[in-house]
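In order, the protein sequences belong to chains H and U. So for the first sequence, numbering that gives the first Met the number 0 puts the first residue at 0; every next one is plus one. So for the second sequence, numbering that gives the first Met the number 0 puts the first residue at 0; every next one is plus one.
For the record, the hints were derived by calculation from the structure and aren't laboratory data. From the three backbone atoms N, C-alpha and C, an ideal C-beta is built for every residue, glycine too. Keep in mind that the hints are not guaranteed to be accurate.
[Stated by the list, open to error] Which bits of chain H does chain U cover? Going by a derived footprint, with three or more residues having C-beta under 8 Å, they are:
(1) 242–250
(2) 491–502
[Claimed, not checked] Just so you have them, the derived chain H footprint on chain U, three or more residues with Cβ under 8 Å:
(3) 30–43
(4) 68–77
(5) 101–110
(6) 132–140
[What the hints assert, rightly or not] Here's a subset of chain U near chain H, in silico, CB distances under 8 Å, partners left out:
(7) Val15
(8) Val85
(9) Cys91
(10) His94
(11) Gln97
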Amino acid sequence: MSTAPLKTRFVSANRRVREDRRFVTGRGRYVADVAIADALHVALVPSPHPAARIVSIDASAALAMPGVHYVLTGEELAAATEPLMNGLDTPKVLRYPLAVGQARYAGEWVAAVAADTRALAEDAAERVRVVYEPLPFVIDPEEAFKPGSTPVHTAHGSNVLLNKTFVWGDVDKHFAEAERTLSYRVTWGRSSTVPIETFGVIASWDPWREILDVWASIQMPKYPEQIARSLRIPANQVRVDQDVDVGGAYGVKRGIKHTILVGHLSRLLGRPVRLIEDRLENMRAGDAQGPERIFDVDLAFGNDGVIKSMKIRALDNAGAYAGRAPFQLGKPIGAIVGPYHIESVKYVAQSVTTNKAAEEAVKGFGQSPTNYAIESGIEKVAQATGLDRIEVRRRNFIRKEQFPYLIPSGTRYDSGDYHTVVDKVLAAADYPALVKERDRLRASGLLAGIGLAACLEPSGGNSAFEPLLNEKNKTSTWMESCRINVDGTGCTIATIHTLSSGQGHETLAATVIGEVLEINPDLIRVTRPDSLSSLPSNAPVGSRMAIMLGGAAFHAAQKLKAKLIAIAAHQFGATEDAVSYSAGGVSHAATGKRLDWSDLVNIAHRNFHLLPKGMEPGLEVTHVMQVPTGTKLPENGRVQMYPCHSFEFHVVLIAIDPILGKPEIRRYVVGHDCGTVINPHIVKGMTLGGIAHGIGAALFEEFVYDEQGQMTTQSLMDYLLPSSHEVPKVEIVHHCTPSPHTVFGQKGAGESGYMGAPAAMSGAINDAVAPLGISFAKLPIRVSAIGDAVASAQVSNEKKA
Amino acid sequence: MKVELRVNGQTRTADVEPRKTLLDTLREDLRLTGAHVGCEHGVCGACTVLLDGEAARSCLIFAVQADGYDITTIEGLAPSPGELSVLQDAFCETHGLQCGYCTPGMILSAHTLLQRTLTPSREDILEAISGNICRCTGYGQIVEAVEVAAERLRQSNAPRAAQEAAK
């Protein structure tokens with residue numbers, strides 16, 4: 000494997016991101032900006048109870064208000080639609096857009112009001128009289144897991160959605176023979192990515208064309224299919240406009256329930272219907288809350304700090320409905336040992352329902368919590384053995400020459416050079432000086448700590464976790480596509496077949512096609528056909544688009560180039576290997592002849608008589624690409640999960656005023672290796688943004704439920720997002736270990752930064768408070784928690800003294 | 000009730016309920032959709048507009064209260080169609096955005112800073128944008144954009160820079 004830089008002209012160059020121009024002028028086209036004449040607006044009636052039987056719904060007062068058109072109940076909607084898709088084989092855990100017969104979390108939508116304006120719909124929603132009979136409820140996942148706990152779905156019989164044990168390798172033997180073992184628990188609090196744009200959708204049914212038009216701020220694979228299935232219409236009657244900008248997604252923009260709701264109302268009322276969540280609807284019932292997970296971990300290791308075996312029990316709180324969330328226990332199986340050569344693993348994946356809002360896919364799909372659990376263990380091994388924290392990591396890292404490396408759970412890591420990245424970061428940070436600075440801060444009366452995290456970002460997103468956790472699911476295909484058309488004037492138009500939420504996919508496609516065809520990417524138009532005119536796509540999930548859209552665009556451009564070469568060779572009377580392509584034209588060295596782009600375009604579009612026999616006229620090519628390495632279904636509980644594995648190493652220095660308890664980040668250095676970078680601006684932004692998310696998850700962000708089952712963080716005044724004051728200047732150290740599986744050696748970067756920042760922040764805080772004999776094992780570690788723990792530790796230490 | 004709003008140098012009228020926010024009025028009645036709805040309670044800053052040159056939350060003001068102010072939205076910042084302001088161009092230069100949702104508010108907040116000073120410190124910039132939440136970028140390239148814009152404005156011979164130099 001070569002680490003020599005690729006000779007590219009546009010790929011890896013510091014080129015501007017073409018999407019930016021429309022956004023800096025306020026000319027993005029978000030769903031709320033789409034003006035559809037005569038649209039009705041929806042507001043929701045929320046359940047005030049975490050669990051309650053819906054005795055009756057009286058909408059008469061609401062319907063009596065002028066301008067109010069309809070009040071839809073869950074019973075009516077359920078009768079007209081199929082339940083929303085479940086990922087696992089849990090057919091009795093039914094989920095509809097509105098509660099049917101029973102509300103299962105506080106805030107759950109019980110009825111929907113359609114009115115002339117949103118304000119009027121909200122007024123009317125307050126006049127819908129719902130009589131409830133409160134039921135017992137359960138909030139805590141451990142409580143929910145116990146046999147005999149109140150089932151959220153009575154028909155399902157228990158709260159357990161998933162309880163699957165995997166044993167990869169000789170765990171028992173390794174534990175029996177180990178010089179040392181240790182056990183610990185860490186907890187990842189229920190946070191999410193909380194985009195500034197809430198979810199929104201507009202649907203308009205045209206009975207004469209038999210088409211449901213949909214505009215949505217969506218980021219979800221197979222969205223049109225899911226709409227069609229639930230609304231019981233053929234999928235070719237659903238037309239999703241993909242030329243809609245999404246105001247941040249990071250996994251959670253999956254408003255299928257909202258879409259079914261407005262789709263049904265539009266059919267029923269014969270009018271376009273829009274539902275743009277307000278912030279309260281979004282926070283409480285947008286079904287966009289992220290993993291909430293308890294990890295119980297055992298490690299078997301030697302006095303040399305080398306970890307031989309690991310047992311992880313992960314208990315996830317899926318909330319009130321199943322959806323796709325439990326799969327977030329599956330994806331981390333593809334990097335279950337992190338960057339370490341741990342030989343055997345026992346993994347117990349458990350998902351339970353509780354009376355909280357439904358969990359949804361969040362950036363990393365369970366990987367960041369898992370990385371936090373693993374890195375917490377590395378820190379504990381260092382403490383137990385008395386070895387340096389970095390040395391323990393170095394001893395456990397998979398070495399560069401071991402790649403491709405097969406981990407116990409069946410994934411073969413593509414490439415990496417972890418030791419070098421760590422060395423580069425430590426040099427850039429001047430680690431010995433950083434340690435001195437920490438000690439100086441400590442001597443000055445502050446608490447100070449250094450946090451470290453080494454972890455992977457699996458990328459190239461497929462769905463191998465689906466058949467792994469649900470044996471009825473035989474999906475191995477996970478595609479992305481690109482079409483290129485060169486018109487009769489020589490202009491190039493490329494298409495992508497999904498919505499984007501800031502990832503710069505138009506720039507990506509243009510850059511790659513420009514690179515292959517050796518034409519100026521800025522002159523390539525990139526469009527997004529509607530879903531009925533699209534080729535297969537699986538949406539920008541799982542850090543996949545650089546690999547998959549980049550790959551599809553590359554292969555399509557290669558096909559176009561081959562066609563241009565064939566046309567030219569035919570004119571020259573030469574074989575294809577006797578001609579050469581450069582800068583959009585083809586030359587024939589033997590005769591010194593050359594046909595330029597415009598000549599070839601002219602022949603393809605206007606001179607059929609000059610085309611090689613059997614060739615189609617025009618210059619149009621498509622490529623549908625399967626995810627690299629995605630060739631098999633799971634066998635014996637093992638599977639090749641994602642194809643590519645980016646690496647990151649975080650070093651952070653924090654200081655805490657012991658009275659205030661607020662961690663202040665003094666230095667943040669991250670090493671990042673995602674193979675070949677296609678656009679440096681985009682990758683840098685992803686990494687910095689991911690670190691900001693990670694700092695939020697580590698210090699501030701949590702959907703908190705009180706003992707009455709009410710969510711207490713309903714606004715951005717309670718659910719705190721990091722501002723410019725909380726996010727430090729981050730120094731990025733680059734390294735490039737190309738992937739052998741991708742066209743330029745690129746790996747994914749869409750979830751970078753977030754993979755390791757929470758673990759690094761946790762490590763820094765625990766290092767800072769270690770002299771007091773305390774530690775934190777649950778995220779987020781709030782300022783108040785630090786202040787309280789430090790104060791009580793100081794009091795008890797004084798008593799001891 | 001009828002309101003008369005001075006927006007981006009033009010006088011516009013709308014017939015709105017007294018309870019309608021300036022944000023909703025700009026977006027729905029005047030079809031200026033560059034100001035975005037984020038939190039609707041004054042935390043995120045996505046709805047930022049300028050009132051008499053000062054950044055303000057248009058979600059916390061009723062349209063009827065904005066009568067008499069000189070309102071600038073992001074649509075009023077570009078000098079002409081297809082031409083970006085120096086600050087907008089700097090955001091493109093450093094890629095100080097991703098999804099673009101917070102961007103109009105972010106740019107208007109930064110714009111007010113650069114109206115006050117062309118030599119902002121890093122702390123000045125952090126303070127100026129601290130009322131605008133961005134979930135994509137982690138702010139790094141936004142701060143760089145404002146630094147780049149400040150430098151370019153200092154070096155340009157535009158009237159604004161000349162005034163600054165004369166001080």
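Structure-based check of each hint:
1. 242–250: Coverage by chain U holds here, the residue count being 6 at a Cβ distance below 8 Å.
2. 491–502: holds (count 3)
3. 30–43: holds (count 13)
4. 68–77: As far as the stretch 68–77 of chain U goes, the hint holds, because 5 residues have Cβ atoms under 8 Å from chain H.
5. 101–110: holds (count 4)
6. 132–140: holds (count 9)
7. Val15: This hint is violated: U:Val15 lies away from chain H, its Cβ roughly 11 Å from the closest one there, beyond 8 Å.
8. Val85: Nearest chain H Cβ about 11 Å off; hint violated.
9. Cys91: holds (4 Å)
10. His94: holds (4 Å)
11. Gln97: For U:Gln97, the interface hint holds, since the closest Cβ of chain H sits about 3 Å away, which is under 8 Å.
Hint check: violations occur at hints 7 and 8; the rest are consistent with the structure.
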